[in-house]
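**Q** Spelled out, the chains give:
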Amino acid sequence: MNASFVLTRARIDVGALAPEVRTDEDGAVATFVGTARRTSQGRRVLRLEYEAYEPMVRAEMARIFADARDRFRVGEVRVVHRVGLVPIGEASIAIAVAAPHRADALGACRHLIDRIKETVPIWKKEVFEDGAAWGGDRS
Amino acid sequence: MNASFVLTRARIDVGALAPEVRTDEDGAVATFVGTARRTSQGRRVLRLEYEAYEPMVRAEMARIFADARDRFRVGEVRVVHRVGLVPIGEASIAIAVAAPHRADALGACRHLIDRIKETVPIWKKEVFEDGAAWGGDRS
Amino acid sequence: MQVRVRLFAGLRERFGAEEILLDDLPGDATVSTVRAILESRCPDLRGLPAAAAVNLAYVPGDRRLEEGDEVALLPPVSGG
Amino acid sequence: MQVRVRLFAGLRERFGAEEILLDDLPGDATVSTVRAILESRCPDLRGLPAAAAVNLAYVPGDRRLEEGDEVALLPPVSGG
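Protein chains in written order, with the working numbering: chain A, 1 to 139; chain B, 140 to 278; chain C, 279 to 358; chain D, 359 to 438.
Among these hints, one or two may not hold up.
[Unchecked claim] Residues from chain B that keep clear of chain A, each with C-beta distances beyond 10 Å, as calculated: (1) SER143; (2) ASP163; (3) ASP165; (4) ARG177; (5) THR178; (6) ALA198; (7) ALA205; (8) ILE252.
[Said to hold, decoys possible] Chain A side only, calculated, beta carbon under 8 Å to chain B, not exhaustive: (9) ASP24; (10) GLY34; (11) THR35; (12) ARG37; (13) ARG38; (14) GLY42; (15) ARG44; (16) ILE88; (17) LEU106; (18) HIS111.
Keep in mind the hints are simulated off the structure, nothing from the lab. In this text, a Cβ means the ideal position worked out from N, Cα and C, and glycines have one as well.
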């Protein structure tokens, strides 16, 4: 498993990821993209703002990749997380996993996003018309 | 849930699917792409050929979509399956699922590919340098 | 009773046809009757695993057939 | 003993700073000691849920600190 992680303030090019991870030894590519929703807990969201504890994010991602390496037989993995302002409809995170077999690609993709949401020190602020809130619903 | 299914002899444009399913009410897009591998059970594969019982494929996909609709809260779903010759490295199937929440997008994507592999009447022929075999390893 | 029979993948290749019409089936014919007739014409089919569908839906082997049914013998699927 | 303390998200906003240096910590200070000092300076922090990290790894609240440690108070994360 060859894993890369990028934190960026730029718009994520979602379509670029899957072709980059696949090789001719892979039979499966799974991707997950998290996007900024218009509605959260019944309220209209104007935009999201993400804050990160960057050096710990990198350390935590290294731990998560090491754990995924133990659990799944995968080829290349890429994770990109955006920080700063994320407009509605754009991606806050994109994950792409290539593997010889589908169970590993799908399982690793899900494991990565679940672990990232659980432990990686990044915070989302939802900005509404009449205020703002950290966190929000985290599903 | 708004689901579409396409059987095609043409190359699948993998990158086009995810942007097509997402709306501003979705927080998650999961995709799965199955690709033709160079190696199967230790042998070098030259190409794949897929055969389909087309009217039953459509009937079975309708049943699978109805079942997914009962299990997951998802927005738009697209499934494209290629038939005929599939060169190594190209996609035989692409699935994209958009949903408000990640568990539904990821769960529906996995459910769809698992059910498709189990019941949809499509057959893969692996063509080797020295012969050919139907089915092969089906993971 | 007449039914149309469709064959796929390895079954189609061994039998040498993708579709045949069976004309003189008895009124109590089932999917298994069809399979036995095909095997008597082409012993190579014996032992090959296959599920059955009638009119585009999976059915068990003891499913009774009706005039005009489309019967399909389906080797283990491998799509995706 | 001196440690650097980093604050994030709602904790950072309530405290009004993203980083502070604590200079005169006792030798047996723990993560909980740091949290108590911050709460005495800014009672608004009381009751806010937060995990703790030392030198970029999660630690329990009774983790003893060492000279030069970077301590972070982390509200429930919401990345992804």
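**Q** Each hint: holds or not?
**A** Hint by hint, here is what the structure shows:
no. : hint   : in the structure
1   : SER143 : holds (19 Å)
2   : ASP163 : violated (4 Å)
3   : ASP165 : violated (6 Å)
4   : ARG177 : violated (4 Å)
5   : THR178 : violated (6 Å)
6   : ALA198 : holds (24 Å)
7   : ALA205 : holds (22 Å)
8   : ILE252 : violated (6 Å)
9   : ASP24  : holds (4 Å)
10  : GLY34  : holds (6 Å)
11  : THR35  : holds (6 Å)
12  : ARG37  : holds (4 Å)
13  : ARG38  : holds (4 Å)
14  : GLY42  : violated (12 Å)
15  : ARG44  : violated (10 Å)
16  : ILE88  : holds (6 Å)
17  : LEU106 : holds (5 Å)
18  : HIS111 : violated (10 Å)
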